[in-house]
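What follows is each chain in one-letter form.
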Amino acid sequence: MLLVAGFAGGFAVARTVVRLDQVVRERFGGRLFRVPSRVLSAPIILYPGLDWKQIGLEQTLQRLGYRDSPSPEGLALGRYAWKGGEVWLHRRAFDHPTRAEPARLLRMRLAGRLIEELRDADTGQELGAAFLEPELVGAYYGSDHEQRELVSVGDVPPHLVDAILAVEDQRFLSHRGVDLRRIGGALIANLRAGGIREGGSTLTQQLVKNFFLTPERSFQRKLQEALMALIVEARYEKAAILEAYLNEIYLGQRGSTAVHGVGEAARFYFGKSARDLVVPESALIAAIIKSPNGLSPHADPERARKRRDLVLVLMRDQGRIDEVALAAAQAEPVRVAQLTPEPREARFFLDALQRQLPDFYGSATLTTEGLQIYSTLDLRLQRAAARALSEELGRLEQAYPRLAPKGESRLEGCLIALRPQTGEVLALVGGRDYAKSQFDRCTQARRPAGSVFKPFVYAAALEPGAAGPLATLAAQLDDSPLEIGTPAGPWRPKNFDRENHGWIPLREALERSYNVATARLGQQVGIPRVAEMARRLGIESPLPLVPSLAIGAADITPLELARAYATFANGGIRPHIRTFEDVVDPNAGTLERQPISFERVLDGGTAYLVTSLLEGVVDRGTASSLRAQGLVGPVAGKTGTSNEERDAWFVGYTPEIVAVVWVGFDEPRSLGLASSGIALPVWGRFLRDATGGQVRGAFLRPPEIEEIEIDPTSGAVALADCPARRLEYFLPGTEPAITCPGWGEPVRSDDPAGPNLLERIFDTWLERL
Amino acid sequence: MARTTLTGRQRPFVALFFLAFAAVSCRGPALRPPSGEPVRLSRLAGSGDAARRASQRIVLSGLDADQRGRSAEASSLYERSLQVDPTNPYAWLALARQEVFEGDPDRGLAHLDKAEALLAADDTAAAHLAGIRGAGLRAVGQPGMAEPFLREARERAPALWADGKLDAAELR
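Sequence order for the protein chains is A and B.
Residues 1 to 769, numbered by the numbering used here, are exactly what the first sequence covers, in order.
Residues 1001 to 1172, numbered by the numbering used here, are exactly what the second sequence covers, in order.
Next up, chain A with everything else stripped away, as it sits in the complex:
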């Protein structure tokens, strides 16, 4: 009977062991960790002449985990110091898809707000530019929301392993998975304390618990843990077990993201790679394993320091460090990198980037493969965009009670900024709060365009076709009442001011955003040609071929609009939207590269004429309040308000950035205000933050563009005694054929050129004689 029971018990144990062995082999034989892919920003580039205050140099360094030092003497890696009018920075080495940037000691001499000189402090060599490592934009987390940076045992400093072993499992190298001496010691300590105060688990047991078991505290679970630890130790090398532990251990919380492993912890707490940790930092990481949140140096630095010092003493007692190292490490204050939660508003950008990646990079890949994605996002501009949108919309809600939230209905908005020459997305905020709504109003929402569509009509009219352009910038447009027959009945466009203005200069029609004059111009150009122009410039949404298309009766996305205006800013060259440069597998190198690409879709001259018109909108027209906000330099743009004032737009550009702001409600609800009071302030605030108020550069004027003084009221060439004059731009051969004073009729949009100028002047002259 006893024999049978013994056989039965033995069989049950053997079966359990076989089952557990299979579980262990399956886990260790396959992928041990799912590592979320990270998205990194474009790097910050330092150079002489850069406004270091505007880029927030010190805050940037702190976000990157650099810490300040009292003196530049012997400046350690990852530290910076101010001395007189200089900043010294010991920049860390970092990898880039195409090159490795070595560690470098930089010396920046400052003059006021500017970096006056940049040198390699070791060699004295003057530098034209220096890169800082890219910042983390965010990551693609799985459902567990864990982040880790994998390390191998050979990559981490020995003192990190020593610190962990000293406090967590000092006999790790000699036991077989279970440490009976430690269990005995814990048992006695717990009996004395009258409860469970100490655990006797080895590293292997902790690993097994994290990998396979629940946190439940029971004898059965403890037995299972011990059995699996023995199996793991029997099957795998100590180094493999240690490596798995170093990458698995939970070490803190960054917002909703769990920090796992020493690699990620080194980044989180010290802003550096685990291989660059120094002894007190290693001891601190080991110290917080017991209770990562309770002992967090971010939450309670003093408590963390005491525990760290205890670890250091244990290291000394176990012969892992000597007295000198102990004293030096204990003398170091606890200094951790600034706690920087991932910018939540950048989640919209991460989603947009994921949509742009090839299908191969689905969620399953992005949440597990640990890829590094080098993006185009400029985190400084991203923060400026988020701030501008959030604060300005909040201000509007305060200022206008009709915009205040009603139930679920809340004022929404989005802002997207591109570099027009390259199509790179520099900033993208798809809504006010990603946590509440992940719907990206910049890339996914099609909204009525309103007047921001009008420049496409003017571009089509100004572009030289086979018979020359339909209009020039000197043309006069007819803004008298208009009625167009449509299948739905007569359509009578109205101006915003409910007035008609007769014959007006073409510039004024766009600067004042007159609907009637533009609708009539659209008819003269032809609606199919207007639609074709919009398509060429980058509008992909369906465009209804109806007369009202000319004044924006089409639903489009802010992203499309940004690309179309980028084409104007870029001299008629349409850029392809670019959200990333490289996708890199840390083991396999570059997997994917997105090069800069674009195509010419409009001649440079016509693009310049449109830019010149849109500069007028900012200087004199519906967007002139931008100048009152103190924005100096070349800026072009267009306001837009849709029917019933449901959508407010502003699209504007400088020679180096194009940005679109949309403001409205997700549900049909009127704003009751024109865009100049709603979208424009958001754009102005963003651009002021982005540029410091002083816009760099100039819009490139193609050499073929002719600059002629004209009489603004008639559009005639201004001769010496013409009473009024202003400079105007013309494509070759399209100069006005009349002069001021008195050499002909005003130039109408339906007869922009007529006979050439010499003929017209001479004919009129002869006639007068």
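Read the hints as simulated data drawn from the structure, not as lab findings.
Cβ atoms here follow ideal geometry from the backbone N, Cα and C, with glycine treated the same way.
Hints are not guaranteed to be accurate.
Computed spacing ranges between beta-carbons, pair by pair [unchecked claim]:
| id | chain 1 | residue 1 | chain 2 | residue 2 | range |
| --- | --- | --- | --- | --- | --- |
| 1 | A | Asn587 | B | Asp1163 | 35 to 43 Å |
| 2 | A | Trp82 | B | Asp1163 | 48 to 56 Å |
| 3 | A | Gln125 | B | Arg1068 | 17 to 25 Å |
| 4 | A | Pro586 | B | Arg1068 | 18 to 26 Å |
Now the stretches of chain B that chain A is said to cover, found in silico as 3 or more residues with beta-carbon under 8 Å [what the hints assert, rightly or not]:
| id | region |
| --- | --- |
| 5 | 1043-1051 |
| 6 | 1065-1075 |
| 7 | 1078-1084 |
| 8 | 1112-1126 |
So these bits of chain B aren't anywhere near chain A, every CB distance computed over 10 Å [said to hold, decoys possible]:
| id | residue |
| --- | --- |
| 9 | Ala1139 |
| 10 | Gly1141 |
| 11 | Gln1142 |
| 12 | Glu1147 |
| 13 | Pro1148 |
| 14 | Leu1150 |
| 15 | Ala1162 |
| 16 | Arg1172 |
Here the structure of chain A is known, so what remains is to put chain B in place on it, guided by the hints.
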């Protein structure tokens, strides 16, 4: 309003009259003499505003990498230089050269359009603009269209364009 129109016989005389008038009364812009030597980017490192100078130094680093055969690194540095100054024509020129000779010639020609738009008034870049365009057209299978551009490059800069190629070192 009645209007008197000139007859076809009158118009040549009138035109001559106006030409003569224009010749004595107008002074057009002075023609720029053709430059002796094509542009070398290392000589431009100190010109322009702060962003342009920084951008230019990064382009030079890119050309150094290009010379050493590290194309990907060079390309990345050219893109970095555009991050600092997206209107730097020489960054676009270097990118165009690299794409035409070592990468995607179609893309190189597009980059060249960008460089050309920014360099339209710069005679010293004319040889390279023509040569790279010629080489790009040849690479995309349009030798007939390529030849006049290559000829122009050879005429403007025989020492550099005799072989129909432009090395990174020659642009640097």
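Comparing the hints with the structure gives:
1. A:Asn587 <-> B:Asp1163: 35 to 43 Å: Cβ of Asn587 of chain A to Cβ of Asp1163 of chain B: about 41 Å, so the range 35 to 43 Å holds.
2. A:Trp82 <-> B:Asp1163: 48 to 56 Å: This hint holds: roughly 53 Å between Cβ atoms.
3. A:Gln125 <-> B:Arg1068: 17 to 25 Å: 19 Å Cβ-Cβ, so the 17 to 25 Å window holds.
4. A:Pro586 <-> B:Arg1068: 18 to 26 Å: 25 Å, holds
5. 1043-1051: holds (count 4)
6. 1065-1075: holds (count 5)
7. 1078-1084: Per the Cβ count (5), the hint holds.
8. 1112-1126: holds (count 6)
9. Ala1139: 16 Å, holds
10. Gly1141: 19 Å, holds
11. Gln1142: 17 Å, holds
12. Glu1147: Non-interface label on Glu1147 of chain B holds, nearest chain A Cβ at 23 Å vs cutoff 10 Å.
13. Pro1148: 20 Å, holds
14. Leu1150: 22 Å, holds
15. Ala1162: The assertion about Ala1162 of chain B holds, with a minimum of 29 Å to chain A.
16. Arg1172: 14 Å, holds
Hint violations for this structure: none, all hints satisfied.
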